[in-house]
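Please put together the full structure from these sequences, using the hints given.
Each protein sequence line maps, in turn, to chains A and B. Heads up: the first sequence begins at 1 in our numbering, then just goes up one per residue. Heads up: the second sequence begins at 340 in our numbering, then just goes up one per residue.
Hints may contain errors.
Okay, the calculated beta carbon distance ranges per label pair [stated by the list, open to error]:
| hint | chain 1 | residue 1 | chain 2 | residue 2 | range |
| --- | --- | --- | --- | --- | --- |
| 1 | A | Gln215 | B | Ala409 | 38 to 44 Å |
| 2 | A | Thr258 | B | Gly357 | 27 to 33 Å |
| 3 | A | Val280 | B | Asp362 | 49 to 55 Å |
| 4 | B | Ala409 | A | Ser326 | 37 to 43 Å |
| 5 | A | Asp37 | B | Ala545 | 55 to 61 Å |
The hints are simulated quantities; they were obtained by calculation from the structure and are not laboratory data. Since the structure is predicted, the reported quantities are computational estimates derived from the model, not experimental observations. Beta carbons are placed, not taken as given, at the ideal position from N, Cα and C, and that holds for glycine.
Okay, here's what each chain looks like letter by letter:
There are 2 protein chains.
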Amino acid sequence: MTDGSQLRRWVLAKRPQGVPHADDFRLEQAPLSELQDGQALIRVDHISVDPGMRSRLSGDSYAPALPIGATIESAGVGTVLTSRNAKLKEGAQVWGGFGWQTHAISDGRGVQALDPAIYQGAIKATAAIGIFGIPGLTAYFGMAEIGKPKAEQVVLVSSAAGTVGATAGQLAKIAGCTAIGLAGSDAKCAYLKEIGFDVAINYKAAGDLTSAFKQAAPKGIDIYFDNVGGETLDAAIMNMRRGGRIVVSGQISEYNTTTPRGIRNTLPFITQRLRMEGLVVYDYGAQFVEARTQMAAWVREGKLTYREEIIDGLEQAPAAFIGLFSGDSFGRRLVHLGG
Amino acid sequence: MTDGSQLRRWVLAKRPQGVPHADDFRLEQAPLSELQDGQALIRVDHISVDPGMRSRLSGDSYAPALPIGATIESAGVGTVLTSRNAKLKEGAQVWGGFGWQTHAISDGRGVQALDPAIYQGAIKATAAIGIFGIPGLTAYFGMAEIGKPKAEQVVLVSSAAGTVGATAGQLAKIAGCTAIGLAGSDAKCAYLKEIGFDVAINYKAAGDLTSAFKQAAPKGIDIYFDNVGGETLDAAIMNMRRGGRIVVSGQISEYNTTTPRGIRNTLPFITQRLRMEGLVVYDYGAQFVEARTQMAAWVREGKLTYREEIIDGLEQAPAAFIGLFSGDSFGRRLVHLGG
Chain A
1 MTDGSQLRRW VLAKRPQGVP HADDFRLEQA PLSELQDGQA LIRVDHISVD
51 PGMRSRLSGD SYAPALPIGA TIESAGVGTV LTSRNAKLKE GAQVWGGFGW
101 QTHAISDGRG VQALDPAIYQ GAIKATAAIG IFGIPGLTAY FGMAEIGKPK
151 AEQVVLVSSA AGTVGATAGQ LAKIAGCTAI GLAGSDAKCA YLKEIGFDVA
201 INYKAAGDLT SAFKQAAPKG IDIYFDNVGG ETLDAAIMNM RRGGRIVVSG
251 QISEYNTTTP RGIRNTLPFI TQRLRMEGLV VYDYGAQFVE ARTQMAAWVR
301 EGKLTYREEI IDGLEQAPAA FIGLFSGDSF GRRLVHLGG
Chain B
340 MTDGSQLRRW VLAKRPQGVP HADDFRLEQA PLSELQDGQA LIRVDHISVD
390 PGMRSRLSGD SYAPALPIGA TIESAGVGTV LTSRNAKLKE GAQVWGGFGW
440 QTHAISDGRG VQALDPAIYQ GAIKATAAIG IFGIPGLTAY FGMAEIGKPK
490 AEQVVLVSSA AGTVGATAGQ LAKIAGCTAI GLAGSDAKCA YLKEIGFDVA
540 INYKAAGDLT SAFKQAAPKG IDIYFDNVGG ETLDAAIMNM RRGGRIVVSG
590 QISEYNTTTP RGIRNTLPFI TQRLRMEGLV VYDYGAQFVE ARTQMAAWVR
640 EGKLTYREEI IDGLEQAPAA FIGLFSGDSF GRRLVHLGG
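Written as structure tokens, this is what we have:
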């Protein structure tokens with residue numbers, strides 16, 4: 001933490017062209033204003049870096065653009081340092097959309113105290129912005145509401161070593177399915193096998209993906225949990241079994257381009273009666289508590305595991321974010337600021 | 340009809356490359372074999388030409404290829420001339436997958452007598468392979484099972500002057516929606532307005548489709564009933580409203596190519612929570628009678644109309660089929676053979 005009267009934060013310096021670059025971000029120092037009635041000062045302990053944030057940095061038409069000069073948005077967990085808000089107790093651990101900054105002053109909106117029934121023992125506060133945060137919940141609702149796995153079905157997951165993908169694959173196993181995971185290195189593939197995937201494919205070494213999927217799932221794929229889009233999605237479509245579901249969770253291959261590749265193969269939607277559906281996890285907000293409670297039980301039973309990759313220092317946030325697009329992340333990537 | 344001892348038929352001479360050509364088909368004469376016990380001789384009165392048949396002519400991976408030398412498959416309506424089958428009465432009107440031939444010998448499988456409760460008054464037998472056949476039923480189940488229109492929603496339909504599209508648009512109107520139809524000529528657009536579409540867009544004159552759809556549906560599209568795929572589908576995706584459904588009924592723009600265009604835009608599947616789903620109408624076979632009865636009631640009430648374009652003579656079948664791909668068809672295209 002700083003001296004207490006100043007915060008440090010990363011702001012958007014300019015809009016990225018293609019893959020974001022260090023110059024697109026600027027580190028600033030700013031005074032911490034006095035607390036008003038109803039406000040609390042939160043020390044941000046960990047922040048997340050998310051590929052999905054990429055589209056917010058552009059002025060594209062899909063998501064409201066983050067203004068130039070604004071703090072980069074992200075999830076975070078923190079500790080209440082001082083409080084003039086009855087709901088935010090001093091010393092409490094909280095999570096919220098704090099952004100890439102060392103401190104946040106909050107009136108309590110969008111900030112929630114961590115439930116001690118969940119965050120105890122081996123489950124640390126960081127899980128609140130990982131497996132029990134947006135990534136884990138995306139996997140949970142993507143599988144439960146769109147994928148709808150049934151025992152003995154075949155589930156393919158891309159970006160399977162990330163939190164969304166690793167969670168989706170393990171949920172497939174919990175449902176009694178065969179899980180096939182895609183990742184970009186042998187180390188990640190070894191991790192996938194470790195957490196229960198039946199097959200792990202290193203897509204950088206696999207050659208033609210359509211053939212690789214055919215070999216891994218000779219009878220076809222029932223559910224494709226898609227975090228990447230583009231060529232991988234196309235290859236999955238060519239291998240879907242009749243009545244297959246494609247969960248559009250992320251499209252990381254398409255975020256950094258103004259000329260998206262998309263997919264070539266739409267005929268199988270008819271011949272194989274496919275359904276492709278996207279989700280934004282916030283739509284299921286009313287069911288978050290229930291989902292977290294279920295996932296926490298599975299974590300304690302050892303059926304669901306997660307991996308965090310913690311990078312130290314606010315200074316590293318842009319590099320940690322940019323690295324996501326070269327596929328170098330492994331598990332939930334967080335930046336540790338304090339606490 | 341022929342002299343009764345010979346039939347004439349069109350067979351597949353070679354597999355089409357791209358748009359089918361007259362040389363891909365060959366007209367043959369063949370002897371009519373003696374009727375066995377359980378068989379009936381059917382005079383084929385009308386046959387259909389369907390864009391969806393295109394993929395059967397190729398050896399592509401989506402549909403089982405029609406063998407070279409085999410009779411071109413199609414729906415047909417006919418009359419039982421002589422019968423040694425108790426279910427097929429002499430003189431009865433029947434429909435089935437007779438193919439492009441003047442006569443068929445049937446053991447009754449796949450052949451059904453027309454229900455006189457439906458085919459009476461203004462509703463002729465040809466409706467059995469049009470609005471009450473696969474095209475009309477595709478519109479019915481595509482809307483009922485995937486589109487699920489609700490009052491005041493906006494429904495876009497491509498190939499709207501064809502039987503599938505015209506039926507889908509009218510079903511949208513029956514459900515209380517706004518219907519926007521796409522067609523390739525001003526005459527077809529005039530027809531769309533005549534049968535109740537609120538807006539008709541001549542896509543050949545509309546320029547950029549994304550802008551044209553935006554103008555026609557400023558608040559976005561809830562349901563896109565897609566018969567064409569490709570660029571039109573892409574433009575629709577860019578205009579879908581949150582929670583929109585895309586019914587993949589046909590992909591005529593993709594049938595004649597070995598390098599399909601597909602779609603570029605998959606990000607809106609996430610941001611707008613879109614669902615895209617294909618159907619093969621035969622999956623709903625158990626509900627065909629119910630659907631036909633409902634549609635026939637709407638026809639008699641004047642809420643649902645259909646248009647047939649009848650081309651005379653078996654010789655014209657290949658040209659009638661090939662013409663579908665240049666967009667020159669208008670309503671259900673049938674070829675009249677006899678009766």
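Each hint tested on the structure:
1. A C-beta distance of roughly 33 Å is found between Gln215 (chain A) and Ala409 (chain B), which places it outside the suggested range of 38 to 44 Å.
2. Separation of Thr258 (chain A) from Gly357 (chain B) is about 31 Å and conforms to the stated range, judged on CB atoms against 27 to 33 Å.
3. At about 52 Å, the CB distance of Val280 (chain A) to Asp362 (chain B) agrees with the hint of 49 to 55 Å.
4. For the pair Ala409 (chain B) and Ser326 (chain A), the beta carbons lie near 53 Å from each other, so the given range of 37 to 43 Å is not met.
5. For Asp37 (chain A) paired with Ala545 (chain B), a C-beta distance near 58 Å keeps the hint of 55 to 61 Å intact.
The structure fails hints 1 and 4 (numbered hints given earlier, in ascending order).
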